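*Asks:* Sequence:
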Amino acid sequence: KTSFFFLCIISHRSRKMTISIEKPMFVEEVSAFQKKSENNTGDLTMASEHDEAFLAPEMNAFGRQFRNYDAENERQKSVEEFYRLQHINQTVDFVKKMRAEYGKLDKMVMSIWECCELLNDVVDESDPDLDEPQIQHLLQSAEAIRKDYPNEEWLHLTALIHDLGKVITLPQFGGLPQWATVGDTFPVGCAFDESNVHHKYFSENPDFHNQAYNTKSGIYTEGCGLNNVMMSWGHDDYMYLVAKENGSTLPSAGQFIIRYHSFYPLHTAGEYTHLMNEEDKENLKWLHVFNKYDLYSKSKVHVDVEKVKPYYMSLIRKVSIYLLHIVIQKKVMIQDEMFEST
1 KTSFFFLCII SHRSRKMTIS IEKPMFVEEV SAFQKKSENN TGDLTMASEH
51 DEAFLAPEMN AFGRQFRNYD AENERQKSVE EFYRLQHINQ TVDFVKKMRA
101 EYGKLDKMVM SIWECCELLN DVVDESDPDL DEPQIQHLLQ SAEAIRKDYP
151 NEEWLHLTAL IHDLGKVITL PQFGGLPQWA TVGDTFPVGC AFDESNVHHK
201 YFSENPDFHN QAYNTKSGIY TEGCGLNNVM MSWGHDDYMY LVAKENGSTL
251 PSAGQFIIRY HSFYPLHTAG EYTHLMNEED KENLKWLHVF NKYDLYSKSK
301 VHVDVEKVKP YYMSLIRKVS IYLLHIVIQK KVMIQDEMFE ST
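In UniProt numbering, the protein residues as written are 1 to 342.
FYI, nobody ran anything at the bench for these hints, they're computed from the structure. All of these numbers come straight from a predicted model, not from anything done at the bench. Keep in mind that a hint or two might mislead.
DSS-like mimics (lysine-lysine), calculated; alpha carbons at most 30 angstroms apart, straight line [to be verified]:
{"id": "1", "residue 1": "Lys104", "residue 2": "Lys244"}
{"id": "2", "residue 1": "Lys107", "residue 2": "Lys97"}
{"id": "3", "residue 1": "Lys216", "residue 2": "Lys200"}
Label-pair ranges, simulated between beta-carbon atoms [claimed, not checked]:
{"id": "4", "residue 1": "Lys309", "residue 2": "Phe208", "range": "42 to 50 angstroms"}
{"id": "5", "residue 1": "Asn214", "residue 2": "Pro150", "range": "45 to 53 angstroms"}
{"id": "6", "residue 1": "Lys97", "residue 2": "Lys244", "range": "16 to 24 angstroms"}
{"id": "7", "residue 1": "Thr215", "residue 2": "Asp304", "range": "44 to 52 angstroms"}
{"id": "8", "residue 1": "Pro133", "residue 2": "Gly270", "range": "28 to 36 angstroms"}
{"id": "9", "residue 1": "Arg99", "residue 2": "His302", "range": "29 to 37 angstroms"}
{"id": "10", "residue 1": "Ala191", "residue 2": "Tyr311", "range": "43 to 51 angstroms"}
{"id": "11", "residue 1": "Asp304", "residue 2": "Glu222", "range": "44 to 52 angstroms"}
{"id": "12", "residue 1": "Pro177", "residue 2": "Asp106", "range": "15 to 23 angstroms"}
{"id": "13", "residue 1": "Ala191", "residue 2": "Ser252", "range": "38 to 46 angstroms"}
{"id": "14", "residue 1": "Arg84", "residue 2": "Lys244", "range": "29 to 37 angstroms"}
{"id": "15", "residue 1": "Lys200", "residue 2": "Gly175", "range": "24 to 32 angstroms"}
{"id": "16", "residue 1": "Asp121", "residue 2": "Glu101", "range": "17 to 25 angstroms"}
Just so it is clear, CB atoms sit at the ideal spot from N, CA and C, and this is done for glycine as well.
The whole structure should be built from the sequences, with the hints applied where relevant.
*Replies:* In structure tokens, the structure reads:
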């Protein structure tokens, strides 16, 4: 069966056309799989369907505990400096400005694999667990998920694309500083919870002293839903905007993973739950599943890109010429004259 997520937008001799893809079956598949994966209490279980299940390591690539922000070494110093800059500069006004600018989706048009290859030039300065090119992280995450969920293609592909938004730190996408691209995310417009890494630096953020923003709910209401909450700007929100503005039919859980996979104060510390609605609570189960692979698959042992590329390319071709155009142009209506030059 043919099924998949996005409207593909392609460029041909400076002309553009939109090709709509058949509505995916993944939403029903996710629902069925979630039922199969829940235990008697309704909690999502981590049952493996593969003989060689992914085993989470106890130590990261540097021989230390994962997400240890207190270790004294050069890597940690640079990570702390990253969070100092992020916490000072991520304000309500800054987020609004970035969402308006990058919401235009006017930077570039390319295929998903082309975008993956661009991440060979990106190393995440906020990550205490890995200093490898980000294409390796994408493939390590996706390959780990394939081991435990071999039939859940939507999860494989969510893993493959979840960090593609990091291209916004590259010159051709605006060259944003890393503090506006990577790192843990958090809501702006309400109090900065103490579960945020290096919380002390928020005291230098202008919003910290704004009475409209420094209460628990701030400008939001309890149960309003995370979709109504502004998150700190970065690759997560950017990739979510790309999907949303181009008519993505990725299952709700997949879009939730893309937008909130860096929201560690929520999915790991359990904070900010007062802002969630019922749909968020259901999707959070899938984010908990995904986080295991996102975090613990990081390794100095590289995935052989050429070896796994055929699988992902076949997955892309299965649904259309391109799985996803990292688009970076808003969708346009198909016009008959556009086909004349093809």
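*Asks:* Please go over all the hints and tell whether each is borne out by the structure.
*Replies:* Against the structure, the hints:
1. This hinted pair checks out: Lys104 and Lys244 have alpha carbons roughly 12 angstroms apart, not beyond 30 angstroms.
2. Between Lys107 and Lys97 the CA atoms are separated by roughly 16 angstroms; this keeps the pair inside 30 angstroms, and the hint holds.
3. Restraint check for Lys216 and Lys200: the C-alpha separation of about 17 angstroms stays at or below 30 angstroms, so the hint holds.
4. For the pair Lys309 and Phe208, the supplied restraint of 42 to 50 angstroms holds, since their beta-carbon distance comes to about 46 angstroms.
5. A C-beta distance of roughly 47 angstroms is found between Asn214 and Pro150, which places it inside the suggested range of 45 to 53 angstroms.
6. Between Lys97 and Lys244 the Cβ separation comes to about 19 angstroms, which falls inside the hinted range of 16 to 24 angstroms.
7. A C-beta distance of roughly 51 angstroms is found between Thr215 and Asp304, which places it inside the suggested range of 44 to 52 angstroms.
8. Separated by about 32 angstroms at the C-beta atoms, Pro133 and Gly270 satisfy the suggested range of 28 to 36 angstroms.
9. Evaluation of the 29 to 37 angstroms hint for Arg99 and His302 yields a pass: the beta carbon distance comes to about 35 angstroms.
10. One distance hint, 43 to 51 angstroms for the beta-carbon pair Ala191 and Tyr311, holds here, with the actual separation near 45 angstroms.
11. A C-beta distance of roughly 48 angstroms is found between Asp304 and Glu222, which places it inside the suggested range of 44 to 52 angstroms.
12. Distance hint check for Pro177 and Asp106: the Cβ-Cβ separation is about 20 angstroms, which falls inside the suggested range of 15 to 23 angstroms.
13. Separated by about 28 angstroms at the C-beta atoms, Ala191 and Ser252 break the suggested range of 38 to 46 angstroms.
14. Between Arg84 and Lys244 the C-beta distance comes to about 31 angstroms, which sits within the given range of 29 to 37 angstroms.
15. A beta carbon spacing of about 29 angstroms between Lys200 and Gly175 agrees with the range 24 to 32 angstroms that was offered as a hint.
16. The hinted range of 17 to 25 angstroms is satisfied by Asp121 and Glu101, whose Cβ atoms lie roughly 22 angstroms apart.
When the structure is compared with the earlier hints, a violation turns up for hint 13 alone.
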